[in-house]
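Colleague: The primary structure of each chain is shown beneath.
Number of protein chains: 2
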Amino acid sequence: MIEDKNPQRTSIAQLGEFGLIDHLTKNFEINQPSTLKGIGDDAAVLDFKDKKVIVSTDLLIEGVHFDLAYMPLKHLGYKAVVVNVSDICAMNAKPTQITVSIAVSNRFPLEALDELFAGITHAAREYNVDVIGGDTTSSQKGLIISITAIGEADEEEIVYRNGAKQTDLLVVTGDIGAAYMGLQVLEREKQVFQVNPNSQPDLDAYTYLIERQLKPEARKDVRTLLHALEIKPTSMIDISDGLSSEIMHLCKQSKVGCNLYEDKLPIDPQFINVCEEFNIDSTTVAINGGEDYELLFTIAMEDFEKIKGNPNFTIIGHMTQESEGIHLVTRANTKIALKARGWDALTQ
Amino acid sequence: MIEDKNPQRTSIAQLGEFGLIDHLTKNFEINQPSTLKGIGDDAAVLDFKDKKVIVSTDLLIEGVHFDLAYMPLKHLGYKAVVVNVSDICAMNAKPTQITVSIAVSNRFPLEALDELFAGITHAAREYNVDVIGGDTTSSQKGLIISITAIGEADEEEIVYRNGAKQTDLLVVTGDIGAAYMGLQVLEREKQVFQVNPNSQPDLDAYTYLIERQLKPEARKDVRTLLHALEIKPTSMIDISDGLSSEIMHLCKQSKVGCNLYEDKLPIDPQFINVCEEFNIDSTTVAINGGEDYELLFTIAMEDFEKIKGNPNFTIIGHMTQESEGIHLVTRANTKIALKARGWDALTQ
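Heads up: the sequence lines are chains A and B, in that order. Numbering follows the UniProt record's numbering, with no gaps: position 197 of the first sequence is 197. Numbering follows the UniProt record's numbering, with no gaps: position 91 of the second sequence is 91.
Hints listed in this document are in silico derivations from the structure and should not be mistaken for laboratory results. Heads up, some of the hints might be wrong.
Which copy is meant is left open, so a pair is good if it fits within one copy or across any two.
Said to hold, decoys possible - Below, simulated BS3-like cross-link-like pairs (lysine-lysine); rule was C-alpha separation at most 25 angstroms, straight line:
(1) Lys-190 <-> Lys-74
(2) Lys-26 <-> Lys-255
(3) Lys-49 <-> Lys-232
(4) Lys-141 <-> Lys-255
(5) Lys-141 <-> Lys-51
(6) Lys-51 <-> Lys-335
(7) Lys-190 <-> Lys-141
(8) Lys-306 <-> Lys-165
(9) Lys-264 <-> Lys-252
(10) Lys-141 <-> Lys-308
(11) Lys-26 <-> Lys-252
(12) Lys-215 <-> Lys-252
(13) Lys-306 <-> Lys-335
(14) Lys-165 <-> Lys-141
(15) Lys-232 <-> Lys-26
(16) Lys-165 <-> Lys-190
(17) Lys-339 <-> Lys-49
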């Protein structure tokens, strides 16, 4: 499905480990004042002065988290950075550095790694994070990417998952569900391609959904937006496993309940069309589909006026007493207990 | 070869991702004052005040970096931490936190992961590092471990690879080559076992070598030892890829040459015996065998008296002008140009 635009194949073994590292890391820039020493020693050296340091890490495995049949390597590199940067954003912190480790089987030529690292480099520039270290090795099967993201924040800025109060409003950025439907479209096209490799897919009706799957963005802007509105969320999490699952995390850690309103869910018109085409209930996907990388947070009720009508944010519910449980209030005004059916990497 | 002492097999899919994470991380303790928030949010939060932050990361792949035929999972967990902590020690910094990500295929029962995490927990206690985050997912094949180690140091304490001067002395901690020969012994026993699974190996003559391979230690003590001697190395690196390869790194980055003396190399009597048994030249193994996790550093000549005769350190050579090159001076007093033949994960 992905056309091989570059038929050249240079074996990575030719360069050796250190030659390969030099080659792959030569485009990385150091822009953060907190980076004293990046790649090139036993470890990187950072200086955060009086800021707190935020650290998160993710492991991405071919065949589990991504499928190279429809995921171009450049997009994969970009997305791998985004996924990790998103976790830093979810703490209301500013991403500053990442380390990038990869393991590849020998079926990957140097040109493929160049594509992957072009995506990583592009994301590092876009999010202004310095690539300060990593590891490059061989794998027995497929491609493995491990990224650790580092960020900084003043102590009073940091938002945890456990600060939601009973009367808080539940807010989400952007729209949800599109990344999951993008994946369904790509999976369907993969099946078509396997049956008929000459078919040319017409993906015009699905561009937004596919972009949300293949090139998601982390909401680095939300920290600035909220700061300008003089709002500090009481709790925050990013939506990687699905809205439902993330609401459960906030509720469990904050010891509160929640009412989520079906008619408030922010979904894109293209998403609705494609759910109808696939004959899937759009609400089910919107609350269970993962990989949106939007931010979900709670704010005090008195902040309502500050956020009302802001196109970046949608109020989708409110928190309640823990004993009231966690519910979806449907359009028909019935309450359904919410279940976490989020994406679970271990049962794939 | 490794006896299955625990025939119970609990499928990890039964617990689900979050259940598994809760189970595996329940024994992790937070002891470092710099850890404000460990596992349980989108990211960890650390506070290093006026210290600099040191970051290093490593990826360990089954079949490339370790062989579960002779590597017990508990030892593997321990070693995975040690390998990363060693990089922090090589900056003359104090290790403080680690993140641990793992990917496992479904052939691993929960009991196997418990063994792995018992080793990780043991090492975390031994080196006093807090496990502050990670990721747990499934792999298509085998076990993958990705660890990021974090440490702290005052700016003036940090030792880079590039500070060696022309007249500096070259010093190594402990002894070298043993881990490599331990691996040879284990590989031989694996072959024997494959031919005759009932054979009982007698490994008494190899205990030190095998321990160096299966349970190496990071030289966390060297920072304190050098501090007490009032010595600050001019450059430092840890020996993961082999002495020869690491000397090349120091020389290249410091723009100096080096004379390494064969008769000064610190090697263990058991190592010499086993090299003879395997009919391998002990000097070749001592300078090219990897995974010793000792520290290699340079000190100013005027520090000679402070370090002379100290059982923790061996002066094995001295730096020279860059134009003189990098040589091994043999017992027969001939100079041989040193080649980096270190362990290269990409050509395995």
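Colleague: Next step is simple, just say for each hint if it's right about the structure.
Modeller: Hint check results:
no.: 1; hint: Lys-190 <-> Lys-74; in the structure: within (19 angstroms within a copy, 41 angstroms between copies)
no.: 2; hint: Lys-26 <-> Lys-255; in the structure: between (48 angstroms within a copy, 20 angstroms between copies)
no.: 3; hint: Lys-49 <-> Lys-232; in the structure: both (23 angstroms within a copy, 24 angstroms between copies)
no.: 4; hint: Lys-141 <-> Lys-255; in the structure: neither (43 angstroms within a copy, 39 angstroms between copies)
no.: 5; hint: Lys-141 <-> Lys-51; in the structure: neither (40 angstroms within a copy, 40 angstroms between copies)
no.: 6; hint: Lys-51 <-> Lys-335; in the structure: neither (44 angstroms within a copy, 52 angstroms between copies)
no.: 7; hint: Lys-190 <-> Lys-141; in the structure: both (21 angstroms within a copy, 23 angstroms between copies)
no.: 8; hint: Lys-306 <-> Lys-165; in the structure: within (18 angstroms within a copy, 61 angstroms between copies)
no.: 9; hint: Lys-264 <-> Lys-252; in the structure: within (22 angstroms within a copy, 61 angstroms between copies)
no.: 10; hint: Lys-141 <-> Lys-308; in the structure: neither (50 angstroms within a copy, 49 angstroms between copies)
no.: 11; hint: Lys-26 <-> Lys-252; in the structure: between (45 angstroms within a copy, 17 angstroms between copies)
no.: 12; hint: Lys-215 <-> Lys-252; in the structure: neither (31 angstroms within a copy, 40 angstroms between copies)
no.: 13; hint: Lys-306 <-> Lys-335; in the structure: neither (29 angstroms within a copy, 76 angstroms between copies)
no.: 14; hint: Lys-165 <-> Lys-141; in the structure: neither (47 angstroms within a copy, 44 angstroms between copies)
no.: 15; hint: Lys-232 <-> Lys-26; in the structure: neither (39 angstroms within a copy, 31 angstroms between copies)
no.: 16; hint: Lys-165 <-> Lys-190; in the structure: neither (45 angstroms within a copy, 59 angstroms between copies)
no.: 17; hint: Lys-339 <-> Lys-49; in the structure: neither (43 angstroms within a copy, 42 angstroms between copies)
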